[in-house]
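2 protein chains.
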Amino acid sequence: MPLSANNPDRSSWLHVSKNSDFPIQNIPFGVFLTRDDIITIGTRIGDTAIDLGALHQLGYFEGIPLTDDIFLQDTLNDFIADGRKTWRLVRNRIAEIFDSNNTKLKNNLKHKEIVCFRLDEIEMQLPVQIGDYTDFYSSIEHAKNVGTMFRDPENALMPNWLHIPVGYHGRSSSIIPSGIPVHRPQGQTMPADSDTPVFGPSKLVDFELEMAFITTDANDLGESIPVNEAEEYIFGLVLFNDWSARDIQKWEYVPLGPFLAKSFASSISPWIVTLDALEPFKIDGPKPIKPQLPYLQFKGKKSYDINLEVSLKPKGAKESILSKTNFKYMYWNMSQQLAHHTINGCPVNSGDMMGSGTISGATPDTYGSMLELTWRGEKPIKMSDGTERKFINDNDTVIMRGYCEKDGTRIGFGEVSTQLLPIFNPKKKK
Amino acid sequence: MPLSANNPDRSSWLHVSKNSDFPIQNIPFGVFLTRDDIITIGTRIGDTAIDLGALHQLGYFEGIPLTDDIFLQDTLNDFIADGRKTWRLVRNRIAEIFDSNNTKLKNNLKHKEIVCFRLDEIEMQLPVQIGDYTDFYSSIEHAKNVGTMFRDPENALMPNWLHIPVGYHGRSSSIIPSGIPVHRPQGQTMPADSDTPVFGPSKLVDFELEMAFITTDANDLGESIPVNEAEEYIFGLVLFNDWSARDIQKWEYVPLGPFLAKSFASSISPWIVTLDALEPFKIDGPKPIKPQLPYLQFKGKKSYDINLEVSLKPKGAKESILSKTNFKYMYWNMSQQLAHHTINGCPVNSGDMMGSGTISGATPDTYGSMLELTWRGEKPIKMSDGTERKFINDNDTVIMRGYCEKDGTRIGFGEVSTQLLPIFNPKKKK
Chain B
1 MPLSANNPDR SSWLHVSKNS DFPIQNIPFG VFLTRDDIIT IGTRIGDTAI
51 DLGALHQLGY FEGIPLTDDI FLQDTLNDFI ADGRKTWRLV RNRIAEIFDS
101 NNTKLKNNLK HKEIVCFRLD EIEMQLPVQI GDYTDFYSSI EHAKNVGTMF
151 RDPENALMPN WLHIPVGYHG RSSSIIPSGI PVHRPQGQTM PADSDTPVFG
201 PSKLVDFELE MAFITTDAND LGESIPVNEA EEYIFGLVLF NDWSARDIQK
251 WEYVPLGPFL AKSFASSISP WIVTLDALEP FKIDGPKPIK PQLPYLQFKG
301 KKSYDINLEV SLKPKGAKES ILSKTNFKYM YWNMSQQLAH HTINGCPVNS
351 GDMMGSGTIS GATPDTYGSM LELTWRGEKP IKMSDGTERK FINDNDTVIM
401 RGYCEKDGTR IGFGEVSTQL LPIFNPKKKK
Chain Y
1 MPLSANNPDR SSWLHVSKNS DFPIQNIPFG VFLTRDDIIT IGTRIGDTAI
51 DLGALHQLGY FEGIPLTDDI FLQDTLNDFI ADGRKTWRLV RNRIAEIFDS
101 NNTKLKNNLK HKEIVCFRLD EIEMQLPVQI GDYTDFYSSI EHAKNVGTMF
151 RDPENALMPN WLHIPVGYHG RSSSIIPSGI PVHRPQGQTM PADSDTPVFG
201 PSKLVDFELE MAFITTDAND LGESIPVNEA EEYIFGLVLF NDWSARDIQK
251 WEYVPLGPFL AKSFASSISP WIVTLDALEP FKIDGPKPIK PQLPYLQFKG
301 KKSYDINLEV SLKPKGAKES ILSKTNFKYM YWNMSQQLAH HTINGCPVNS
351 GDMMGSGTIS GATPDTYGSM LELTWRGEKP IKMSDGTERK FINDNDTVIM
401 RGYCEKDGTR IGFGEVSTQL LPIFNPKKKK
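Chains B and Y, in that order, are what the protein sequence lines are.
Using the UniProt record's numbering, the first residue of the first sequence is number 1, and each one after it goes up by one.
Using the UniProt record's numbering, the first residue of the second sequence is number 1, and each one after it goes up by one.
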């Protein structure tokens, strides 16, 4: 099926500013509350949010096999379960409806008023009900940095790392959309030079700059997904801030892995950018350093050239860019991750989410966490207001952004922006 | 609210054999398909399955605040979300309806035919849609055994183990009810004396004898559950077989914990026995070896005296009991697990499931896995047909059972029975 929605020559009758992440070639999917407090599935062109539920009721998706209520839901799970063929038909149709040369909706003021919203009229929600969430650990630079700091610089990479897209199960219940603040977590830590743990607020709250992909129903119990078919089951990607409490993590993680250090919150950008929209930005990934088992060997380009950056905004001050990196640095790509995840017969369902792991490049200005950027706090970073940061302070806001750019077309993700609040005060409980 | 359903003097007009796990004092909750292929929520007394959806439609729950369709669903999640007060009202009412002295339903043949099913007329389903699943590691004997075998006998327990109810996030999508067979998983393993991993069927498939509890909506993001309130949020328990591939686990688990070694399947018994039904079997747990932080300190009895056993049935042969153990051995109890899980503000929702970790006692005949029972395969176990087992063979069936008994009342869980099939054959794909 042709990806006509990707046509770089197409423009929209909706206003799209020059550096927008959301030209008519993007057409991401999300869920929002409208000014009338109705929840709907939508897309975005420029700074206009588009109510797909209303568009469907008005007949604009005629001819595409969709249930009547497919967009009148509070999650994208059912639409995603409809499969790639349907996503493409819908995305292509949206491109046609909003094409500069199509006046049908453009000239129908009544319809436009029902369908189109300014961004300040809507409130973005979590786009999917996440069944299972897995986090990988697929940046070789990040794995080396962490191994160097916490274990042995001589053997920074664990013996399995070059053979396995190492990953672990994460907590779905604490995944939140951009804009929802997060409280500094409390927990157990082991002070240096002590043999008794203490309880209190984490002193080392950190972000992890990641991307995450959302899957459709892929396989039944017992079945595996071949690496070269994996992208058929990936709906799209979001920016992902995998909040981490480094001191809690250090004390708890041996031998079963990170637990409470991660499960207090994880934040995602609210618009899912489809894999189809990212198709023009596929590139080769890093060459394997060691041979990989056949089930992980793939054909063609499976990496994506996505520019990423993370900023920190102290309360009342301007934001400072902490790092600029790229999704293309990932040693293990999404197809390998999905093939590995299912090689044992583990079922992957519509709305499952898989994080890349912290994305770090080779140089210090491309690292994806404060842990690495300040090297365990040894090299504090100066903010715009003159204060310094080793980790994240109360009331700081962490903002991640990402976009692809090629031949004049820019496809972006918007942002995931999250403020860290002080520890939760039960007296303020609802 | 009085737990009148627990009255030991009560008997039912339904036949209950002497050693039944399901006397009228039990009243567990489950989901089943009826002979008419209708899915419903039900309970069980003796060998009779009871359709609660039908009972409700016939007005037997009059006076209890329940939505009309609360039992006409394919999971218990919404009923569990109604909270403990409602569970108790419903359980007490069921006890009244089926009490020997109550002839209302007993003498209504038409109603009885609609409501009561023989076990061979129904098919048990997964009772809840499990949002997040966490597995703890709370048996000190199991942790010591594993630490002795895989790490260092002198330091078998990790330094954090006596301070933290260690746990990790598991995979919800591969949790299945009793009776669904499981395929031997394939994956990467590292042969002894090699530095290159190989791909193939796991050679060391094992069970883990556990119990798991199901929660109701407990807290919002940021909030914690105090240890002494935790049981208010626990709906009930099931038997839990946490299938494990030891060779895959050994190669993959450092540093982020078990992943594919566990996510190929986990099996649960289909009837959730409520914490209320288990109330008479509360006892004191093991004394803490080291002081515990205040948020883990509890008042009263929080452990449960539940007899457990696991059997292995080779194909075509009789089953052999492998181990008899008890849930009371757990060093960390469920209240501590839930308090710890939420101390960082992680939300716990209706239908979440938390496993205890393998339950082992102090002596070898009480160990909860083949890994421990055969001590890494060094001491094979003889089966009824003369064959030996180090781990689980293709076509073997593993059966776990559990019950409480006190003063003539027995409350049981039935069983979780799962056959291990050979590796999945894609040619047989649906």
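Hints should not be assumed to be uniformly reliable.
[Claimed, not checked] Where chain B lies over chain Y, by a calculated footprint (3+ residues, C-beta under 8 Å):
id : stretch
1  : 70-82
2  : 106-112
3  : 275-289
4  : 313-324
5  : 340-349
6  : 379-390
[To be verified] Computed beta-carbon distance windows for the label pairs:
id : chain 1 : residue 1 : chain 2 : residue 2 : range
7  : Y       : Pro159    : B       : Thr148    : 49 to 55 Å
8  : Y       : Ile38     : B       : Thr67     : 49 to 55 Å
9  : B       : Ile39     : Y       : Ile38     : 28 to 34 Å
Keep in mind that the hints were calculated from the coordinates and are not lab data.
Nothing here was measured: the structure is a model prediction, and the numbers come from that model.
Glycine included, C-beta positions come from ideal geometry on N, C-alpha and C.
So, going through the hints one by one against the coordinates:
Given a C-beta distance limit of less than 8 Å, the hint that chain B covers the stretch 70-82 of chain Y is violated, as 0 residues qualify and 3 are needed. For the stretch 106-112 of chain Y, the assignment as covered by chain B is violated, since 0 residues bring a beta-carbon within under 8 Å of that chain's beta-carbons and 3 are needed. Counting residues of the stretch 275-289 of chain Y whose C-beta lies closer than 8 Å to any C-beta of chain B gives 0; at least three are required, and the coverage claim is violated. For the stretch 313-324 of chain Y, the stated coverage by chain B is not satisfied: 0 residues place a CB nearer than 8 Å to a CB of that chain, which falls below the threshold of 3.
Here the stretch 340-349 of chain Y counts 9 residues with a CB under 8 Å from a CB of chain B, which clears the bar of 3, and the coverage holds. Residues of the stretch 379-390 of chain Y with a Cβ under 8 Å from some Cβ of chain B number 0, which does not satisfy the need for three, so the listed coverage is violated. Range check, Pro159 of chain Y to Thr148 of chain B: Cβ separation about 22 Å, and the 49 to 55 Å hint is violated. The supplied range of 49 to 55 Å is broken by Ile38 of chain Y and Thr67 of chain B, whose beta-carbon atoms lie about 23 Å from each other.
For the pair Ile39 of chain B and Ile38 of chain Y, the supplied restraint of 28 to 34 Å holds, since their beta-carbon distance comes to about 31 Å.
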